[in-house]
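For reference, the chains in residue letters:
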Amino acid sequence: MNRDSNGYTFLFATIMVIVVASSLAYTATSLKSKQDENVRKEQMQNILSTIGIETDRDQAEGRYNEYIKEQLSLVKDGSIDTSVNAFNIKLATETKKPIEQQRFPLYIAEVEEAKYYIVPLRGAGLWDAIWGYIALEDDMTTIKGAVFDHKGETAGLGAEITQQWFQDRFKGEKIYDAQGALVGINVSKTNNDPQDLDKEDHEVDAISGATITGDGVTAMISERLAHYTPYFKQNAMAEEPVIDETESEKVLEEAKEETTIAYQN
Amino acid sequence: MAKDNTPTQKPSLFFVNKEKEALFSKKNRALLSDPMDDNNPITVQVLGICSALAITVQLKPAIVMSISVMAVMAASNVIISLLRNLIPNRIRIIVQLVVVAAMVVLVDQILKAFAYDVYKELSIFIGLIITNCIVMGRLEAFALGNGVWKSFLDGIGNAAGYGFILIVVAFLENFLVLENYWVTKLFLMLLMQWVMKTMD
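If you're matching them up, the sequences are chains B and V in order.
Heads up: the first sequence at position 216 corresponds to 215 in numbering that gives the first Met the number 0, and the numbers run straight through without jumps.
Heads up: the second sequence at position 168 corresponds to 167 in numbering that gives the first Met the number 0, and the numbers run straight through without jumps.
Any given hint might turn out to be false.
Derived list of chain B stretches under chain V, where covered just means 3 residues or more per stretch with a C-beta under 8 Å from a C-beta of chain V [as the list claims (entries may be wrong)]:
1. 1–11
2. 85–91
Once the Cα atoms are required to be at most 25 Å apart in a straight line, the calculated DSS-like pairs of lysine-lysine come out as [as the list claims (entries may be wrong)]:
3. B/K150 x V/K119
4. B/K40 x V/K119
5. B/K33 x V/K26
6. B/K31 x V/K149
Worth flagging that the hints you see were computed from the coordinates, not collected in a lab.
The C-beta atom is built at its ideal place from N, Cα and C for all residues, glycine as well.
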């Protein structure tokens, strides 16, 4: 057969595409369960690392079951929906639903009598999605630890949010101000606090050259935490009944305003 | 006599009508060793510089990257060599690209399933093996015109030449940190080039 004829060329291309596509599809589907398992265990590792527990992947599941006491799916008003497994909630698809149908996963960990609230985060960086977890101490305002990850931020710049030194800056910062209003944490370029000694300023030092990724982290924290404010207020109320309903609504509205502003940037 | 008429050896599948060559004859050994020194893809041919600069920060990713490139190059060289009499000349670059891309996706999927940490660390660079000039360069220059075994050796040899530089630079960089990151890289690359020139 003439190798330079159009017919042969088309035939060759067609066969090649079919063979390549089917073999790749076969590999992808046959390895999927192993890959999903890796992702699931990594999620457990990430959740544990916010409360200062580092494990390798093999032990992740055991230690996760040991420390994580509750997995709650919260509704917008702060009540708990028991029909949904919080661990299986994928924020990427969940945030596209109408707000009433969204469920907000919350993990409650107990380590040596201390209680921690772990909130999953998801937002947008410069190129693609960024996500992470943030752990609050039992005052529900001081950050115990945070981890961040990303899909396609610039290596050496935005991708540095996955580094320990950046995540350590969040430790001890407070997400609510003294009046109980949600402020979040601002990843700031004008922090003037490179050692991060001021834990009351709701600010951490940004990464040079990663402005938009940093803004994404700021927006992500205040946007996600705003949804948990009703729950936190209700539970704080159970312990010290000072804050009334109207105030918590006001807080939520303020938080919403802040989110919109962050997105406009 | 009848015995004289029978051919001394059967024509093999890949080396039709050729004298049988030892698997590791001098020529074949040169295919492996040449890319290590005087025909090194990075320092002499100046190919694959992009990923070489990016991956040489730490030793472990450098090693995994080298192994990945080796797997991709050996496999795609063999496939192209097998198909070399079937590939229509006009779309040969596209065919090469498809083969390399398919191999890279395979490596990517396998790492994701069996070496997840490394997969996360190398992330986009695995995908960028597709654009590594060494891979396409060897397919076009060697595999299209040579037998399967030779192409396999050539793929291994060139990937080893690439990996050798990666690992040495990554190793040295752990000790030597100059003021500027890129100056360090450039210095190390030039140093390697000089060492190879003087060794000849």
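Going through the hints against the structure:
With 5 residues carrying a beta carbon less than 8 Å from a beta carbon of chain V, the region 1–11 of chain B meets the three-residue requirement, and the given coverage holds. Residue count for the region 85–91 of chain B with a Cβ under 8 Å from a Cβ of chain V: 0. That is fewer than the three needed, and the coverage hint is violated. A C-alpha spacing of about 10 Å is found between B/K150 and V/K119, which places the hinted pair at or below 25 Å, so the restraint holds. A threshold of 25 Å between alpha carbons decides the hint, and for B/K40 with V/K119 the separation of about 14 Å falls inside it, so the pair holds.
Using a Cα cut-off of 25 Å, the hinted pair B/K33 and V/K26 is violated, with the two alpha carbons roughly 43 Å apart. At roughly 35 Å between alpha-carbon atoms, B/K31 and V/K149 are farther apart than 25 Å, so this suggested pair is violated.
Hints 2, 5 and 6 from the earlier list are contradicted by this structure; the remaining hints agree with it.
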